[in-house]
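Student: The lines below spell out each chain.
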Amino acid sequence: MTIFNFVFKRTLKGKFDIFMLLLPPIITAFISVETWLPIPLGFQMYGVILMFLSSKLCKTMMEDREKKVILRISAAPITHLRYLMENLLAYTLILSSINIIVVGIGVLRYGSVTIPPLNMFLLFSVFSATSIGLSIAWYALFKHTETAYSILGGLYISMAMLGGMFWPIEIMPQIIRRIVQILPTYWFALGMRQVVYTGYDGNLFMTIGILLLFSVAFIMVGSRKRLG
Amino acid sequence: MEKIKQKYDSLSVYLNLTRAISIVLLFSYWVRTSGEALGMVLILGILIFSILRQYLPGESIIIFLEGLFVGGLSYLWPDISIAYCIPIFEGYLEKKTAWIIPGLIFVTFRGSINFIIIFVFIAGGFLGCILRVAKNERDYYKEESDIERRRRYEAENLNKEFLSLREEVFQMVELAERNRIAQQLHDDVGHELTGAVLGLQAFESIIEELELESYEKELFQKAKQRVDNSATVLRQTVHNMKPYVSLGVEDLRGIVEEFCDIPISLKVFGNTEKVPIHYWFLLKTALKEGLTNIIRHANTTNVKAQLDVTQNILRFSLENDGVIIAKNIANTYVNKYLDLNEGMGLRSLRQRTKSYGGNFSAAIIAGEDKFRLIIVLPLFEGGIS
Numbered sequence: 001m002t003i004f005n006f007v008f009k010r011t012l013k014g015k016f017d018i019f020m021l022l023l024p025p026i027i028t029a030f031i032s033v034e035t036w037l038p039i040p041l042g043f044q045m046y047g048v049i050l051m052f053l054s055s056k057l058c059k060t061m062m063e064d065r066e067k068k069v070i071l072r073i074s075a076a077p078i079t080h081l082r083y084l085m086e087n088l089l090a091y092t093l094i095l096s097s098i099n100i101i102v103v104g105i106g107v108l109r110y111g112s113v114t115i116p117p118l119n120m121f122l123l124f125s126v127f128s129a130t131s132i133g134l135s136i137a138w139y140a141l142f143k144h145t146e147t148a149y150s151i152l153g154g155l156y157i158s159m160a161m162l163g164g165m166f167w168p169i170e171i172m173p174q175i176i177r178r179i180v181q182i183l184p185t186y187w188f189a190l191g192m193r194q195v196v197y198t199g200y201d202g203n204l205f206m207t208i209g210i211l212l213l214f215s216v217a218f219i220m221v222g223s224r225k226r227l228g
Numbered sequence: 001m002e003k004i005k006q007k008y009d010s011l012s013v014y015l016n017l018t019r020a021i022s023i024v025l026l027f028s029y030w031v032r033t034s035g036e037a038l039g040m041v042l043i044l045g046i047l048i049f050s051i052l053r054q055y056l057p058g059e060s061i062i063i064f065l066e067g068l069f070v071g072g073l074s075y076l077w078p079d080i081s082i083a084y085c086i087p088i089f090e091g092y093l094e095k096k097t098a099w100i101i102p103g104l105i106f107v108t109f110r111g112s113i114n115f116i117i118i119f120v121f122i123a124g125g126f127l128g129c130i131l132r133v134a135k136n137e138r139d140y141y142k143e144e145s146d147i148e149r150r151r152r153y154e155a156e157n158l159n160k161e162f163l164s165l166r167e168e169v170f171q172m173v174e175l176a177e178r179n180r181i182a183q184q185l186h187d188d189v190g191h192e193l194t195g196a197v198l199g200l201q202a203f204e205s206i207i208e209e210l211e212l213e214s215y216e217k218e219l220f221q222k223a224k225q226r227v228d229n230s231a232t233v234l235r236q237t238v239h240n241m242k243p244y245v246s247l248g249v250e251d252l253r254g255i256v257e258e259f260c261d262i263p264i265s266l267k268v269f270g271n272t273e274k275v276p277i278h279y280w281f282l283l284k285t286a287l288k289e290g291l292t293n294i295i296r297h298a299n300t301t302n303v304k305a306q307l308d309v310t311q312n313i314l315r316f317s318l319e320n321d322g323v324i325i326a327k328n329i330a331n332t333y334v335n336k337y338l339d340l341n342e343g344m345g346l347r348s349l350r351q352r353t354k355s356y357g358g359n360f361s362a363a364i365i366a367g368e369d370k371f372r373l374i375i376v377l378p379l380f381e382g383g384i385s
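Protein sequence lines, in the order shown, are assigned to chains A and B. Residues in the first sequence are numbered consecutively from 1, following our numbering. Residues in the second sequence are numbered consecutively from 1, following our numbering.
Only chain B is shown next, with the shape it has when bound in the complex:
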């Protein structure tokens, strides 16, 4: 990476070196010929334009002004028309050749054009072309390496996210299992035990009529006490086992309820029991990310969230209105859906959805000023092809 950086920098150095050499050559030409004060004005002017170019690279107006400046001076003093090779070089370098024409008119109108000067002009243009090709190539590789770096950075982030997610999923699985066991204890064992307690209590009311021995009564009381104790312990165990955090669709409802700025309607269809635990994480993140984006980027009055669970797939959609987009952009798009400049959050969601074999789409609907985020996840092995 350091080597590539050096290579990029060296091109700029060569470019500035070319400019410096041209100024030095101009100076020596001027020293050897007449040495008039106008020549010094020319050299200083070209120097100033070269420095200005460092602050405003690629500006057409600088090329134009430099052309006019050199052209105007060569109109006053034809001997320096050779200096026009510098604006020609810059014009070809930035591919803005039209801007050098006004100055060139001055030069050809009054300047002493001869074969050598034409040759120098052509050489300047040619050098500009060559360096432009090199510059374009550099810019291309620079961009490519930037994209590559971004990808790597994102992959690293995703990796980290997955690692932390794994821990969360483990915890969630544990909680879900505890929830299931508690529910089953409550539904099956609990009811049976309560029935037993009630039966024993009914039996106790008629025990006096049975004329039992005292030790038999004692045995009965002990057994009843034990069943009572078991019922109490079971109740406590179920109570303790039941997780306090909300799980699954309740979790989503909790987020929606906490989000009090804008009214949100969350509709859930289908049997959410079928949804694997790690999907809930993704849905939770998607809902949070979507709501944050709404707050940040839209002037929304209405948000609709919907979760459909079918036999084979799960579809989550989040839709909001009030997306601020320029009308002219919306009209120029033939496609109904505008391309979105996705941020880190949406990109991470997309990748996570893909890794579960699902589909992710986030788009602005051009005609309706709406934004829609859709996640489709498979509820069978293999994912959506």
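Chain A on its own, in the form it takes in the complex:
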């Protein structure tokens, strides 16, 4: 599990790194403005934060490729699959611990009726996996980190907007509402509503299953062995 351990060492190098990793989610957890949904705005926005956090975490894999570390790893007695899996496991673990903190703050501040802890944590964790997959798939398309990173912000924001994370999906025309179902952010927003209103528009577990399918598809796209 050398690679697994090394991901932690790289990601949590110093106190500042840990602080920067925790700051945005904790701030988000304290944004208590109410909007069209009866949960604080911060929790609705948390999906966007998760996407950006995962892109920041997955940057290490991109750097490995750019600095030719992956070339040396491929010469080592370790398979590409193992390298990928250990990385993904480490990222998921880091994001899940952040999710626990955020949901914990939510429950302490707003109560377990407003923030159902288990369902919320489940949704956040599955969406973390999806956003990690999305980031890996996105990075797999580019050669340089900078190019990938500069377009990524716009992409994530527009995905969040189209997916209905910033405003209610109902205000968009029917046809667009159907088409945007191709985005994982739509399913996250839907899942959020299903967590809040039990029984809203289908089953929460179906939504979580779809998000998992999204993450599998993204990870498979991103796991293409690219050395150069």
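Quick caveat, the hints were computed from the structure, so don't treat them as lab data. Some clues are possibly wrong.
Some chain A residues well away from chain B (every beta-carbon gap over 12 Å; in silico) [stated by the list, open to error]: (1) T2; (2) F19; (3) I39; (4) F52; (5) D64; (6) F121; (7) I157; (8) M161; (9) P168; (10) I175; (11) V196; (12) N203.
So, partial list: chain A residues that the calculated Cβ filter (under 7 Å) puts toward chain B [claimed, not checked]: (13) L41; (14) M45; (15) R178; (16) Q181; (17) G202; (18) M206; (19) V216; (20) A217; (21) M220.
Ranges between beta-carbon positions, derived for each pair [stated by the list, open to error]: (22) B:A98 - A:R72: 41 to 47 Å; (23) B:Q171 - A:H144: 54 to 60 Å; (24) B:A20 - A:Y200: 29 to 35 Å; (25) A:I78 - B:D139: 31 to 37 Å; (26) A:I73 - B:S112: 49 to 55 Å; (27) A:R82 - B:I105: 37 to 43 Å.
Treat the numbers as computed from the prediction; the structure is a model and nothing was measured. Beta carbons are placed, not taken as given, at the ideal position from N, Cα and C, and that holds for glycine.
Chain A is fixed; fit chain B onto it per the hints.
Tutor: This is chain B only, laid out in the frame that chain A set:
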């Protein structure tokens, strides 16, 4: 070559494009009809199977699982039975149609089959067939171009080998000629001169009795000195001319002696003087290659090498035991000799032997776990027909 490569790649692009279009069509169908979450599961599932296919091309299990997945979903929701055209397409593409039947049972059992769906299924299968033909053709040409490339590569290598061999042969011819001259000087001139020296020495012992003039004695001494000097110079010349490297059969013996891992018996029959110098090179290479192969591929305890030189041909054979082959392979062969997957070394030897008009054979003898390499070379003009 670049153009051919592009053409090969473009087929894969078309194949993936067909898959992508089918997913997009499915998505648009789903958007226009109901938009249920199950449809999204179907689309994502088909997408995942398409990506999986890039990693494991042509796997029957993927076709089977995709069929079951789509069939199972259409059992739950009959409206999407049309999506089964994708597993049908993949099944026909890989010629693994049996694997799509289980899923098809689900579809026909519950799915709303109508004329349009049957038409789409047939179209999917037909498209799969057409693309399979194209794929097979591509694979055929790819293999053919690979073989062609290998041949060209080998020919280039052989050419290089011959060029370097020519230099070696020139050097060897020179050495052989020097050896011959030295031998002849030693055998003919040397013996004559030694005889002359001995005669002069005998004469010297009786010269006092002849009462010769002093200048006559001086003349005799000078002549004797000259003959002595000539004998010394000749001895030195012969010594210097004689090549230090071993030639011909001695060369082979040297290799055998150096090879101390396994005991080798080298037997030589016939007059090896008749063997042209360039043949020795081939035999030397063959012996070295054979011994290297023995070390690499066999668990040998006994190696026999034999060289027969007759009036018209030369036959070199190298035989070893302990060849590791699977018993079932040995039994399935009706022929006594197994076909061998020849490497570069053996192929190069074969070509060189052919170029000298000879015959080369290298084979595993199935029943006896033995490997035998035989080279037959002609000792007359024209080669062995």
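Student: If a hint holds in the structure, say so; if it does not, say that too.
Tutor: Going through the hints against the structure:
1. The Cβ of T2 (chain A) sits about 25 Å from the closest Cβ of chain B, beyond the 12 Å cut-off, so the non-interface label holds.
2. No Cβ of chain B approaches the Cβ of F19 (chain A) within 12 Å, the least distance being about 37 Å, so the stated non-interface status holds.
3. No beta-carbon of chain B is positioned within 12 Å of the beta-carbon of I39 (chain A); the least distance is around 22 Å.
4. At roughly 24 Å from the closest C-beta of chain B, the C-beta of F52 (chain A) stays outside 12 Å, upholding its exclusion from the interface.
5. With a cut of 12 Å on Cβ distances, D64 (chain A) stays outside the contact zone with chain B, its closest approach being about 21 Å.
6. Distance check for F121 (chain A) against chain B: the nearest CB is about 22 Å away, which clears 12 Å, and the non-interface claim stands.
7. At roughly 23 Å, the least C-beta separation between I157 (chain A) and chain B is larger than 12 Å, which holds for a residue marked as non-interface.
8. Even its closest Cβ contact with chain B, about 19 Å, leaves M161 (chain A) beyond 12 Å, as expected for a residue assigned away from the interface.
9. Against the 12 Å criterion, P168 (chain A) stays outside the reach of chain B, whose nearest CB is about 17 Å from its own CB.
10. For I175 (chain A), the condition that its CB be more than 12 Å from all CB atoms of chain B is violated, with the nearest at approximately 7 Å.
11. At the 12 Å boundary, the C-beta of V196 (chain A) stays outside the reach of chain B, the nearest C-beta of that chain being 18 Å off.
12. Once the 12 Å rule is applied to beta carbons, N203 (chain A) is inconsistent with being away from chain B; the minimum gap is 8 Å.
13. A cut of 7 Å between beta carbons decides the hint on L41 (chain A): the least distance to chain B is about 26 Å, and the hint is violated.
14. Annotation: interface hint on M45 (chain A) violated; nearest CB of chain B at approximately 24 Å, more than 7 Å.
15. At about 4 Å, the closest approach between the beta carbon of R178 (chain A) and any beta carbon in chain B falls short of 7 Å, and the interface hint on this residue holds.
16. For Q181 (chain A), the suggested interface contact is upheld, since its CB lies about 6 Å from the closest CB of chain B, less than 7 Å.
17. A distance limit of 7 Å between C-beta atoms decides the matter here; for G202 (chain A) the minimum to chain B is near 5 Å, and the interface restraint holds.
18. The restraint placing M206 (chain A) at the interface with chain B holds, with a minimum CB-CB distance near 5 Å, inside the 7 Å limit.
19. Interface restraint check for V216 (chain A): the shortest CB-CB distance to chain B comes to about 6 Å, inside 7 Å, so the restraint holds.
20. Given the 7 Å rule on beta carbons, the hint for A217 (chain A) holds: about 5 Å separates it from the nearest Cβ of chain B.
21. The interface hint given for M220 (chain A) is met, as the beta carbon of that residue sits about 4 Å from the closest beta carbon of chain B, less than 7 Å.
22. Hint check: A98 (chain B) to R72 (chain A), Cβ distance near 45 Å, so the stated range 41 to 47 Å holds.
23. A beta carbon spacing of about 57 Å between Q171 (chain B) and H144 (chain A) agrees with the range 54 to 60 Å that was offered as a hint.
24. At about 33 Å, the beta-carbon gap between A20 (chain B) and Y200 (chain A) stays in the expected band of 29 to 35 Å.
25. For I78 (chain A) and D139 (chain B), the Cβ-Cβ distance of about 33 Å falls inside the hinted range of 31 to 37 Å, so the restraint holds.
26. Between I73 (chain A) and S112 (chain B) the beta carbons are some 51 Å apart, a value that agrees with the proposed interval 49 to 55 Å.
27. Taking the beta carbon of each, R82 (chain A) and I105 (chain B) are about 39 Å apart, inside 37 to 43 Å as hinted.
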